[in-house]
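4 protein chains.
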Amino acid sequence: MSSSYGQNVRLTIFGQSHSPAIGMTLEGIPAGETVDYAKLQAFLKRRAPGQNAWSTARKEADVPEFLSGLVGNTTCGAPLTAIIRNTDTRSKDYSDLAIRPRPGHADYTAALKYGGHQDYAGGGHFSGRLTAALCIAGGICLQLLGKEGVSVISRIASIGGVADQGELLRSTAEKAFPTVDDSCGEKMRRAIAEAKEAGDSLGGVVECAILGLPAGLGDPMFDGMENRIAAIVFGIPAVKGLEFGEGFGAAALHGSKNNDPYTVKDGKIVTESNHCGGILGGITNGMPLVFRAAFKPTPSIALNQQTVNLATMQTETLAVSGRHDPCIVPRAVPVVEAAAAIAVYDALLQRRKEL
Amino acid sequence: MSSSYGQNVRLTIFGQSHSPAIGMTLEGIPAGETVDYAKLQAFLKRRAPGQNAWSTARKEADVPEFLSGLVGNTTCGAPLTAIIRNTDTRSKDYSDLAIRPRPGHADYTAALKYGGHQDYAGGGHFSGRLTAALCIAGGICLQLLGKEGVSVISRIASIGGVADQGELLRSTAEKAFPTVDDSCGEKMRRAIAEAKEAGDSLGGVVECAILGLPAGLGDPMFDGMENRIAAIVFGIPAVKGLEFGEGFGAAALHGSKNNDPYTVKDGKIVTESNHCGGILGGITNGMPLVFRAAFKPTPSIALNQQTVNLATMQTETLAVSGRHDPCIVPRAVPVVEAAAAIAVYDALLQRRKEL
Amino acid sequence: MSSSYGQNVRLTIFGQSHSPAIGMTLEGIPAGETVDYAKLQAFLKRRAPGQNAWSTARKEADVPEFLSGLVGNTTCGAPLTAIIRNTDTRSKDYSDLAIRPRPGHADYTAALKYGGHQDYAGGGHFSGRLTAALCIAGGICLQLLGKEGVSVISRIASIGGVADQGELLRSTAEKAFPTVDDSCGEKMRRAIAEAKEAGDSLGGVVECAILGLPAGLGDPMFDGMENRIAAIVFGIPAVKGLEFGEGFGAAALHGSKNNDPYTVKDGKIVTESNHCGGILGGITNGMPLVFRAAFKPTPSIALNQQTVNLATMQTETLAVSGRHDPCIVPRAVPVVEAAAAIAVYDALLQRRKEL
Amino acid sequence: MSSSYGQNVRLTIFGQSHSPAIGMTLEGIPAGETVDYAKLQAFLKRRAPGQNAWSTARKEADVPEFLSGLVGNTTCGAPLTAIIRNTDTRSKDYSDLAIRPRPGHADYTAALKYGGHQDYAGGGHFSGRLTAALCIAGGICLQLLGKEGVSVISRIASIGGVADQGELLRSTAEKAFPTVDDSCGEKMRRAIAEAKEAGDSLGGVVECAILGLPAGLGDPMFDGMENRIAAIVFGIPAVKGLEFGEGFGAAALHGSKNNDPYTVKDGKIVTESNHCGGILGGITNGMPLVFRAAFKPTPSIALNQQTVNLATMQTETLAVSGRHDPCIVPRAVPVVEAAAAIAVYDALLQRRKEL
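Protein chains in written order, with our numbering: chain A, 4 to 358; chain B, 4 to 358; chain C, 4 to 358; chain D, 4 to 358.
It is possible that some hints are incorrect.
The list treats identical chains as one, so a pair stands whether inside a single copy or across any two.
Said to hold, decoys possible - Computed cross-link-like contacts, DSS-like style, restricted to lysine-lysine with a CA-CA straight-line distance of at most 27 Å: (1) Lys-260 x Lys-271; (2) Lys-150 x Lys-271; (3) Lys-271 x Lys-356; (4) Lys-178 x Lys-48; (5) Lys-260 x Lys-190; (6) Lys-268 x Lys-150.
None of these hints come from the bench; they were simulated from the model.
Taking the hints into account, I'd like the entire structure generated from these sequences.
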């Protein structure tokens, strides 16, 4: 089912941008795990809208209400369901888009798929708002991974062609603008501000690394760590590319450069480089698992664009009003972490039954 | 399960490089479809080894034997199983690698995962040989797609940094070296020959386009066309990156450049550009579905590399003997088509029940 | 996942007897279908507690709140989620049972499985209360089936050994006590009253028939209609047996008696008898699909029973207080219909893509 | 997919009665397990046809050839595939049945489902012959269960209304006619001989018990042990009923009689009776898991029956020739054990990741 992910933990996301609520159900979380609500709330806050210049003006507190699966703050083995009420909805902003699909958006394809019955308000089930539900699930998985010594870190690798400098070695979560090099971040912010000023938008790349992963996670062929991560990361709206380790860069290298030599460090087998991004044959080798996801620029822009009126079949000019992020990449950083955490935690549970 | 893929057609691949046979089962193919054996064989030949300078010297006829699912050459609704016997196997080439894992290969991670019980001969279940089974399934799906007016074409987009020129508009299947621009192909061939000469290897990028696809295929969130294609393409050994439409390039664009304006052509809604690669919100918009997969260079190289002897925990120098492709990208082209065909045919069957 | 069912529609049930809410998510319902809330409410009322002498005194209005998946009362293609708040909960009734498991209940097995972290209040996720969520999903599927001319009817076939008389040919939904023969129903009611008086409980059998089903639904082997129905019906608490058509009776028959001769009626192929319950080789033959589910007696009884105190490992005497149905069979009738409707609707969607 | 079963081990069965081969793939078996071929062969022999008076005269050696998943006799973690060649096939026996469906068989429903493209020879994919593949998988799972102290035993509980006497406490595998009480078995044999003589057939009931099971296997709701076992046992051709523990008998009992009192024995919690068949809330309680499956009489009988000619739509008289078991129940005994073993082993692997 298209709104579900996972084999050992199973996530189901429900809701539309302007439905009474959005939410998620997480099945398969072992009983007896505690959820730290404050920590979860802090994680959700990193994604929440309305906090600064580069995000939509829509304000949502994004406080999850847990309906089931817990006794106090401890999981009881039953499915964990949490919802977030949609409060600051303005359906009138969108009513017109039902027949004038926004370029670059799912308006047109959703209309085709659902025969005109799609919930077009705010993008419906396709809205980036749904990533709040993904972040509830991911925030919980991050806590569970943390107990096993696994951490997930990430950063903005580039925005609109402006690249971050330095290596991703520690969390950028505390930063308002999560780059490794703050001066690069400053340039990105300026690029976003300019794009916004121009009624335009920007895309970018998020880099993510998972540290402390045991070797032996993942499976050959269609359940490799790459496949598992791809299957959830491409579920984040606007992701159009994904690469692991050296990724597309590896395609230009010689084998002698791309292969990672083995060596022994502190009595453990490690590799001297990490071009493979911690994955060989779909299975983790104990090195950091590293990937990058490419986000296209926000399709909703104030500039005039050409669309077709579905009723008249005539081309028309459209300028998208409403509240939109000129660049979703900064807010996408915790979403990528959430997605990675779910995929990795799922693989970790899988691994348990093999040991 | 890690060797299975698909929801409406379900592919299961079995076999190891040196097991008695490899094969595949395809469940869910509608009854009453015919299989053109000669056409299938011609498709498999594009992938088969031992045909030219840039592929391994291992010779396998790769003639599938169908065990079930057919009455004559017509599907009967029961699972379709076909096998290929492994004949030209030389297990002695590999016996040493059990304790001296090849850098860049799954030797080490498989040993960890399977506690030393993996079939290390020839890469076992991780071997590129298993893509012959993928091509049986894909070759059948290609035939079924063809009946619906859908075609899958692809080309080598680059090898070792040498890029093909021109646009991918028609099949390159008839070419011995499948590029759009033959002079670029000639340069790539030279690069491969040089790498081989040096005991080294090269990676590359395969571009694939699916033409004639109906709009409305795919689903939101985790069953989008990107997710579906990623879940199978990352199952091809050596794939480390995947991008759709503009892909990573979109991350550097403004929304006003990346959005594809709608227009009307021959009474149908189309887009004037195709930066989105034919997919919006996970759902096809009727334009060509375009993606590129990055292959890392073949890890098996004759040059000296450093590994760790798992028995002694000492570093050692390794030069991989055996028969290997200096660059698998040319033979990977039909494999990518096969993977794409399976993913798209699966989505097509899904769509049928919605109409 | 254990709280999910279905392939083409996917039902996920969440909640515990005393959690803030119970609910369900239904994925895969086609867009553009309308939900008749009043009709759904009427269906739910047939299951709701507190309405008469033979049901628990717990009162719950059981009014579902739809959180997503609808625009007005029309499905939009996104997952359909509805919840029912738990209001009349008395957690104190149950606190003692954590260490003194009730015989015949899941108290002990849940404690083992979840390492003592299970939500023991009111049976937690194992509670019959969760069948209200099943009935939301089933009630919707019943409406969708109705539009295709398919109806689901059922009756109490027996309670405590008292059998109903007559054939199940039409719905008993309007009856307060759903038997075909009211005098038999009267005897059953008396048997329940006597059991209640004695502090005891009774089990029974529910018979269900699905009328108007097209031939050709279901699949061979593990997705036969028997398997599909079994996989959901055994999810109803207290079901311990299931049979189709002649069922266990067929085991005592000769083939010449059990086989259903084919004949032609109104130009259509039908069978003269229906010993097979409308299913051959897992696939419907166009005759009524008939099955019976056996419910064990409610394990919660006021009579003294022997249990083991998990803390002291000593046997103790237990008399279950709290509010319980002396016989759940009457309230189980719509639950069986709901389960059947979900299984059949799922098979119907599957069939669509084959035609 | 209809020919696949399982979540942690995944079984896929392929083949038709008269296709070149039948076979199975088993994914998810841990690496490093050994397969005892001789023991497996002995198990398969219990099911094989042509051995005595009450089975079909079709002779098949039923020797599996393993194609993959093993190194020597040890599993390597890759999918395990084994096939059995079909040798003694006589397709001409069946050609007529394509338009004259046998009553009680899947001929008619398969023709509807597959639009006339089904493989009608010998029942195609619906044939009891496919249970040989189930027995390969089950035989392997039985060996793996044995290493964990779990054994699966069963017996003929009744045939044609003649019931076995005594309790099922130990394996009947060594007996040519597997009942507990040999004199009852003798009566059953006579009943079968009489039915055969009369050109008729008989059904019966198989009882199965799983001993040594740990408590805590299985899940609530749709993945309970009842659901899991039902989902595979109803995949055995001719099964029309299934009950656990007291089963349908429990529907006639009072709670005070059906509940199993807890007590302590050798320091462990056990129940004094086992009306629940070792399952509460879908989860094993450590007592023997007991179930009974009802088999309808073989539909293929020599007596005249009425069918409809699909070409002329006229009723006709049919007497089924070919080679058929007058009663499949004796040969079904190991098949039921195989199915139970697969379901239980799957649940056992699931349980591992929870501990």
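Verification of the supplied hints:
1. For a Cα distance limit of 27 Å, the shortest separation of Lys-260 from Lys-271 inside one copy, 23 Å, qualifies, whereas the shortest one across copies, 49 Å, does not.
2. Taking the shortest Cα distances, Lys-150 and Lys-271 sit within 27 Å of each other inside one copy (22 Å), while across copies they are farther apart (33 Å).
3. In the homo-oligomer, the alpha carbons of Lys-271 and Lys-356 lie at most 27 Å apart both inside one protomer (24 Å) and across protomers (26 Å), since each shortest distance falls under that limit.
4. Taking the closest pair of Cα atoms, Lys-178 and Lys-48 come within 27 Å of each other only inside a single copy of the chain (12 Å); across copies the shortest separation is 53 Å, beyond that limit.
5. Only between protomers do Lys-260 and Lys-190 lie at most 27 Å apart by alpha-carbon distance; the minimum there is 21 Å, versus 33 Å within a single protomer.
6. In this assembly of identical chains, Lys-268 and Lys-150 lie within 27 Å of each other by CA distance solely inside one copy; the values are 24 Å within and 38 Å between copies.
The structure is consistent with each of the numbered hints, conforming to all of them.
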